[in-house]
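Trainee: Chains B and C: place on chain A using the hints.
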Amino acid sequence: MKKRKICPYLFIAPAFMILIVVIVYPIINMIYQSFFSSIAGQDKFVGFRNYKLALSDELFWIALKNNLKLFLCVPLLTAISLVIAAILYNKIWGWRIYRSFIFVPYILAIPVVGIVFSYLLQYNGVINMLLIRIGLPGLASDWLGDPKLAFPSVAAVIIWKQFGFGVVLFLARMMSIDQALYESADVDGATWMQKFVSITIPQTKSIIEFYVIITLIEMLSWVFNFVYVLTSGGPGNKTTVLEYLIYKKSFGGGDFNIAMAISVMLLLMAGVLVVIHQSILKKED
Amino acid sequence: MGRKKKRNIAAEISMILLLLIIIFPLYFMAANSLKTHEEYVVNMTGLPREFTVQNYVEAFQGKPFGQWIWNSFFLTVAATLVTAAAALLCGYAFAKMEFKGKNFLFQCIIPLMSVPPVAMIIPQFRLIKVMGLVNTRASVILIYVGIMLPMTIYLMRNFMKTVPDSLIDAARIDGCSSLKALFKIMIPLCIPAVITSSLVNIVWVWNELLISLVFLQKESLRTLMVGITLFKGRFTLNIPVIMAGLVIATVPIVLVYIFAQKYLIEGMLAGSVKE
Amino acid sequence: MKKAVSMLMVITMLLSLAGCGGNGDPGGEEKNGEYTLTVWYWGEQEAPGYKAYMEEMVKRYEKENPHITVEAILQESDNLYSAFRTAEAAEEGPDIQYMWGGTQAMEDVWKGNVSPISDYLSEEDLSVIEKASLLETNWDNKQWGIPAYGFTYGIAYDKEAMRTAGVDPEQPFNTWDEFMECCRKLKEAGITPLGMGLKDGFLPAWIGIFLGQQNLNSVNEMIDLMSGNESFTDEKYAEWLYKIEELKKAGYINEDILSLDLYQGQQTIENGTAAMTLHTQAYAVSLEKSLGADKIGFAKAPVFGDGKFADSIASPSQVYVIPKSAKHKEGAAKFLMFLQEEENIKSLYEMANVMMPNVNFKEEWLTSEVDKQVMKWKAENQNFCYQLYFAPMFESDGLIPTVQKMFSENLPPEDAAAELEEALKKCREQNPEVHEAFVDWSIAE
Numbered sequence: 144m145k146k147r148k149i150c151p152y153l154f155i156a157p158a159f160m161i162l163i164v165v166i167v168y169p170i171i172n173m174i175y176q177s178f179f180s181s182i183a184g185q186d187k188f189v190g191f192r193n194y195k196l197a198l199s200d201e202l203f204w205i206a207l208k209n210n211l212k213l214f215l216c217v218p219l220l221t222a223i224s225l226v227i228a229a230i231l232y233n234k235i236w237g238w239r240i241y242r243s244f245i246f247v248p249y250i251l252a253i254p255v256v257g258i259v260f261s262y263l264l265q266y267n268g269v270i271n272m273l274l275i276r277i278g279l280p281g282l283a284s285d286w287l288g289d290p291k292l293a294f295p296s297v298a299a300v301i302i303w304k305q306f307g308f309g310v311v312l313f314l315a316r317m318m319s320i321d322q323a324l325y326e327s328a329d330v331d332g333a334t335w336m337q338k339f340v341s342i343t344i345p346q347t348k349s350i351i352e353f354y355v356i357i358t359l360i361e362m363l364s365w366v367f368n369f370v371y372v373l374t375s376g377g378p379g380n381k382t383t384v385l386e387y388l389i390y391k392k393s394f395g396g397g398d399f400n401i402a403m404a405i406s407v408m409l410l411l412m413a414g415v416l417v418v419i420h421q422s423i424l425k426k427e428d
Numbered sequence: 046m047g048r049k050k051k052r053n054i055a056a057e058i059s060m061i062l063l064l065l066i067i068i069f070p071l072y073f074m075a076a077n078s079l080k081t082h083e084e085y086v087v088n089m090t091g092l093p094r095e096f097t098v099q100n101y102v103e104a105f106q107g108k109p110f111g112q113w114i115w116n117s118f119f120l121t122v123a124a125t126l127v128t129a130a131a132a133l134l135c136g137y138a139f140a141k142m143e144f145k146g147k148n149f150l151f152q153c154i155i156p157l158m159s160v161p162p163v164a165m166i167i168p169q170f171r172l173i174k175v176m177g178l179v180n181t182r183a184s185v186i187l188i189y190v191g192i193m194l195p196m197t198i199y200l201m202r203n204f205m206k207t208v209p210d211s212l213i214d215a216a217r218i219d220g221c222s223s224l225k226a227l228f229k230i231m232i233p234l235c236i237p238a239v240i241t242s243s244l245v246n247i248v249w250v251w252n253e254l255l256i257s258l259v260f261l262q263k264e265s266l267r268t269l270m271v272g273i274t275l276f277k278g279r280f281t282l283n284i285p286v287i288m289a290g291l292v293i294a295t296v297p298i299v300l301v302y303i304f305a306q307k308y309l310i311e312g313m314l315a316g317s318v319k320e
Numbered sequence: 430m431k432k433a434v435s436m437l438m439v440i441t442m443l444l445s446l447a448g449c450g451g452n453g454d455p456g457g458e459e460k461n462g463e464y465t466l467t468v469w470y471w472g473e474q475e476a477p478g479y480k481a482y483m484e485e486m487v488k489r490y491e492k493e494n495p496h497i498t499v500e501a502i503l504q505e506s507d508n509l510y511s512a513f514r515t516a517e518a519a520e521e522g523p524d525i526q527y528m529w530g531g532t533q534a535m536e537d538v539w540k541g542n543v544s545p546i547s548d549y550l551s552e553e554d555l556s557v558i559e560k561a562s563l564l565e566t567n568w569d570n571k572q573w574g575i576p577a578y579g580f581t582y583g584i585a586y587d588k589e590a591m592r593t594a595g596v597d598p599e600q601p602f603n604t605w606d607e608f609m610e611c612c613r614k615l616k617e618a619g620i621t622p623l624g625m626g627l628k629d630g631f632l633p634a635w636i637g638i639f640l641g642q643q644n645l646n647s648v649n650e651m652i653d654l655m656s657g658n659e660s661f662t663d664e665k666y667a668e669w670l671y672k673i674e675e676l677k678k679a680g681y682i683n684e685d686i687l688s689l690d691l692y693q694g695q696q697t698i699e700n701g702t703a704a705m706t707l708h709t710q711a712y713a714v715s716l717e718k719s720l721g722a723d724k725i726g727f728a729k730a731p732v733f734g735d736g737k738f739a740d741s742i743a744s745p746s747q748v749y750v751i752p753k754s755a756k757h758k759e760g761a762a763k764f765l766m767f768l769q770e771e772e773n774i775k776s777l778y779e780m781a782n783v784m785m786p787n788v789n790f791k792e793e794w795l796t797s798e799v800d801k802q803v804m805k806w807k808a809e810n811q812n813f814c815y816q817l818y819f820a821p822m823f824e825s826d827g828l829i830p831t832v833q834k835m836f837s838e839n840l841p842p843e844d845a846a847a848e849l850e851e852a853l854k855k856c857r858e859q860n861p862e863v864h865e866a867f868v869d870w871s872i873a874e
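Residue numbers (our numbering), protein chains in the order written: chain A, 144 to 428; chain B, 46 to 320; chain C, 430 to 874.
Treat each hint with caution, since some may be false.
To be verified - Keeping only pairs whose Cα atoms sit at most 27 Å apart, straight-line, the calculated DSSO-like set for lysine-lysine is: (1) C:855 - A:187; (2) B:108 - A:425; (3) C:724 - C:588; (4) C:718 - B:108.
What the hints assert, rightly or not - Covered by chain B, according to a simulated footprint, are these stretches of chain A (three or more residues, beta-carbon under 8 Å): (5) 188 to 195; (6) 363 to 371.
It is worth saying that the hints were derived from the structure and are not from the lab. Small disclaimer: the values here were computed from a predicted structure and weren't measured. C-beta atoms are modelled at their ideal positions from N, C-alpha and C, and glycine is treated no differently.
Just chain A, same shape as in the assembly:
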């Protein structure tokens, strides 16, 4: 009996030891630093000053709003990926080719994607040239320079690069769904849509849940590179996100401790996401 109790901890020990060193300690350090001010190598306790300063900075709110806007991409990404995965699962003509290509954007490096897209999206770039050629010069715009279009353009590039992950993930799960379920539905004369809603989605649920959470977190704290390579946060801060703000404040001249305060708030937001996630799960149970 005693053995049984130790065993699970041994299973999780290697992972947690690494996590403590690589992530937990830095987080503790981050929280500590967020209450101090470091100058000339000395730490001075300043209470909530860094938080107050961060919250009174308009940039913080612009960045937060942009992150929240990116959350809107999540249902879109999930829906697109699910539908594509379901289409591929049904083995439409040429599905192997589609499946091979769909993951390709995901494996490209963000700097590579950033450079290619900046040539496509430039004012004198390829997309505008094509629009003019097909007789729609009215649609040609400065995709990354126009304050209204810059952020949607960045979001579109993120979707372009990321959706393949969802497709592959869902497809992997769908392929391991018990065929008998579909066969019995076929006997009942169910349509494709009915099967999709009543078999595919419930069977894929735990993976969908994983995907939604991962993607939300990605939109919260893993989009820095896209912004960095596509727009550097511009024009006029229109595409700044929280992680970019943290980077700028830590290393681009500015107060490192305020960056730590913003990081702590980011962490709290992720915590809120987890709580919401848990309460939804409980409700479903």
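Mentor: Positioned in the frame of chain A, the structure of chains B and C alone reads:
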């Protein structure tokens, strides 16, 4: 029957459109890397009229691409393997074992994913110094593993949850230990998850820039992604040379993908057959 | 029991992985005076050839000092500061660190990451360096940085385009009115007068370097402005924003300015889409060498202001500093003085096209027309670089977004000035300690 056909055509058309959207930027990159600069200016979107490999010659000149690729390869393989091993064990415990604090510990995993790497670099560096690992591959591998673990554990756990308990119980009744149950039942069933998550991890490590830039301060340890940032400012006039540089940076990972794809499919099929 | 053993094996495997791999970094080991000097540098990105120059210097230095190994590592623009600050926080910094001049170097001084170079070098050692250049990193009566190289800003222009538009290609403009006239003629001839790129955000400071200082009389006035004793909304300080507006309204700037990066904007003059661009002498020289002296000209900023700095030129230096955690500070100082030796500053000029602000720099070495002209400017005009005295964060949180908004949202110059004033206030609030040190700077002068 008629309805079914119509739906397929709609699906096919949208898939073809999707394929075009995916391919166009890649085509733009590849096609232009083979043009002369003069041709690029007048012909941005067409196929090259006169193929030239001069851009590749220029892009390769004086750069230790072999060294860079080897460094990236080493980091990628090591970090991915360690992550997969640790995450399999941990995910299994979370999915199929009962222990005190399980829910709490598992819920801690998710917020761990959300700390931006930028915010952790300085304390990580201090720890690396304490461990005596400054300027070593091991330091970067350790950090990569730590950053990839939360998501990988989470994915493994959710995949393993879909495996019916009855299979594990059956193994237990047969007298298998937990570890045996993991190796005999779980791992074969979880190959799709292992492959999927490893592919994601491989892609991430291969393309990672920030950490390797800061932690590997030796020319002989620099990775391919660090190498190609050289193409960012210097050659901006000669776009075909930039495109050639990007193609060079992209080809290895695409080759890995093509190679892994075979296993990816086999793995998925293996998963579905056995259930 | 078996389980536990196998678990332990896995754990030890993971741990050993963390433990192996490192073949023991050289670091501070000194055997019979043998040591390794680490240099983290930058510069290849703006002065092509600098990497080759640095490698040559290392070779020469190691030959002269066989017991010393120099490990010079070229940094990327993205990690020049992040790698340094991270390593410094763990007291594992290099022996010599490259920094961009002015506040960008002083910030680390104020944060306590740098040792004063004057502790290791005598006044006599430093006397070979131009005074103005030393002042850029002099604070609290100490010298903190030593120039890596200097370069001069100017407007590079296409002489052919000037001829087409009927403008004298040798002397296209001196005053602002002449400049506007020149732009008008170019535009009438169907040529975009100015090509620039604003997307990556480096440009606003560049424009400031050409126009921002023109109503100023002293460095202290600039520091007063940055520290809030003077107001940005005052016309004296804001006039240059109105000049930007003037150029924009008249349609003298390329219309894709918002989707180009700084370098891409500069290259409009090479690919013939614009007649003029803001450039540095090093690049103008490389253009002169590839296209010919009859194709590329280099002009001073047009003058509109009435301050002492109205016709000043900007010829700042990038610097090397000795980090606080450096293990071989004496050795670092010795290497930095080695770079100042006459033969080596000559190599710097020959290999990377940049001049060392050193009194031993000889005019007869000059091979290019652009350089000869720059040398003349330096003899005749005051040297002041607007960007060197930016308050910390002013550029990233104030200047860049504000100037971008002037183009993307048509923000009027008076509102832009008010936004810059706000940004300065915020910078002071967020970095009170650094701000104090910053104010000290002006007194030290």
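Trainee: Each of the hints needs a verdict: does it hold here or not?
Mentor: How the hints compare with the structure:
{"no.": "1", "hint": "C:855 - A:187", "result": "holds, 20 Å"}
{"no.": "2", "hint": "B:108 - A:425", "result": "violated, 56 Å"}
{"no.": "3", "hint": "C:724 - C:588", "result": "holds, 5 Å"}
{"no.": "4", "hint": "C:718 - B:108", "result": "holds, 25 Å"}
{"no.": "5", "hint": "188 to 195", "result": "violated (count 0)"}
{"no.": "6", "hint": "363 to 371", "result": "holds (count 5)"}
The structure is inconsistent with the numbered hints 2, 5, although it conforms to all the rest.
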